[in-house]
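So the protein lines, in turn, are chains L and A.
Numbers in the working numbering are just positions in the first sequence, counted from 1, shifted up by 82.
Numbers in the working numbering are just positions in the second sequence, counted from 1, shifted up by 1443.
Certain hints may be false.
[To be verified] Below 30 angstroms or equal to it, Euclidean Cα-Cα: the simulated DSS-like pairs (lysine-lysine) are:
id: 1; chain 1: A; residue 1: K1497; chain 2: A; residue 2: K1514
id: 2; chain 1: L; residue 1: K139; chain 2: A; residue 2: K1511
id: 3; chain 1: A; residue 1: K1514; chain 2: L; residue 2: K139
id: 4; chain 1: A; residue 1: K1499; chain 2: A; residue 2: K1511
id: 5; chain 1: L; residue 1: K152; chain 2: A; residue 2: K1542
id: 6; chain 1: A; residue 1: K1514; chain 2: L; residue 2: K135
id: 7; chain 1: A; residue 1: K1542; chain 2: L; residue 2: K139
id: 8; chain 1: A; residue 1: K1497; chain 2: A; residue 2: K1542
id: 9; chain 1: A; residue 1: K1511; chain 2: A; residue 2: K1542
id: 10; chain 1: A; residue 1: K1542; chain 2: A; residue 2: K1514
id: 11; chain 1: A; residue 1: K1514; chain 2: A; residue 2: K1448
id: 12; chain 1: A; residue 1: K1497; chain 2: A; residue 2: K1448
id: 13; chain 1: L; residue 1: K135; chain 2: L; residue 2: K93
id: 14; chain 1: A; residue 1: K1542; chain 2: A; residue 2: K1499
id: 15; chain 1: L; residue 1: K93; chain 2: A; residue 2: K1542
id: 16; chain 1: A; residue 1: K1497; chain 2: A; residue 2: K1511
id: 17; chain 1: A; residue 1: K1448; chain 2: A; residue 2: K1499
id: 18; chain 1: L; residue 1: K135; chain 2: L; residue 2: K152
id: 19; chain 1: A; residue 1: K1448; chain 2: L; residue 2: K139
id: 20; chain 1: A; residue 1: K1448; chain 2: A; residue 2: K1542
id: 21; chain 1: A; residue 1: K1499; chain 2: A; residue 2: K1514
Simulated from the structure, these hints should not be mistaken for laboratory data.
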Amino acid sequence: DAGITQSPRHKVTETGTPVTLRCHQTENHRYMYWYRQDPGHGLRLIHYSYGVKDTDKGEVSDGYSVSRSKTEDFLLTLESATSSQTSVYFCAIAGQASSYEQYFGPGTRLTVT
Amino acid sequence: DQQVKQNSPSLSVQEGRISILNCDYTNSMFDYFLWYKKYPAEGPTFLISISSIKDKNEDGRFTVFLNKSAKHLSLHIVPSQPGDSAVYFCAAGSQGAQKLVFGQGTRLTINP
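With the sequences and hints as input, model every part of the structure.
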């Protein structure tokens, strides 16, 4: 299994508060991704990174920001959480430009009340 | 605009029989397709993939078929086992994009 951890695994927060989710990898993979999983929508890409300090938006990036200051860490921040951001968040990594395969972390369940 | 669609939210199959999960896509630029399996409270795990230059790829009990003209792929599991009960996602990627588009998922239940 790829060495990917996510923290926290569960979080409950109130509307309007900032939240940061962390993804940590030990594989030295170049590419890292943040997805959200919601019923009826599958996995939707929020943001991704193709190297340190290199990030780009996915299909559902509004309300989210990311940062990658080290190869091993990719942070997802909700600047002001809303109830619509209640979801399960998954981090994924991919190693090579020629490989499409991504490997996922265990997920973070976020509830915004 | 859903570029990758799994039109069956759920599927129930008897143990030992064949499970067939379907996926359709609209973007003709996709050239690589993957299937992931997800158990509750876990992250998705990679199952099998196929390049657009092939029409079939097998790995043990799992076979993926690709019909490019119909923009359709399917995952066959035979024989189905209780441990196959999970949510299955298909995904598609295009060269150079380095990102995947996922379908909505199909929940497969294998009944004893």
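Okay, the hints, checked on the actual structure:
| no. | hint | in the structure |
| --- | --- | --- |
| 1 | K1497(A) - K1514(A) | 13 angstroms, holds |
| 2 | K139(L) - K1511(A) | 29 angstroms, holds |
| 3 | K1514(A) - K139(L) | 26 angstroms, holds |
| 4 | K1499(A) - K1511(A) | 11 angstroms, holds |
| 5 | K152(L) - K1542(A) | 20 angstroms, holds |
| 6 | K1514(A) - K135(L) | 36 angstroms, violated |
| 7 | K1542(A) - K139(L) | 11 angstroms, holds |
| 8 | K1497(A) - K1542(A) | 21 angstroms, holds |
| 9 | K1511(A) - K1542(A) | 20 angstroms, holds |
| 10 | K1542(A) - K1514(A) | 19 angstroms, holds |
| 11 | K1514(A) - K1448(A) | 11 angstroms, holds |
| 12 | K1497(A) - K1448(A) | 21 angstroms, holds |
| 13 | K135(L) - K93(L) | 26 angstroms, holds |
| 14 | K1542(A) - K1499(A) | 23 angstroms, holds |
| 15 | K93(L) - K1542(A) | 27 angstroms, holds |
| 16 | K1497(A) - K1511(A) | 9 angstroms, holds |
| 17 | K1448(A) - K1499(A) | 20 angstroms, holds |
| 18 | K135(L) - K152(L) | 8 angstroms, holds |
| 19 | K1448(A) - K139(L) | 22 angstroms, holds |
| 20 | K1448(A) - K1542(A) | 17 angstroms, holds |
| 21 | K1499(A) - K1514(A) | 14 angstroms, holds |
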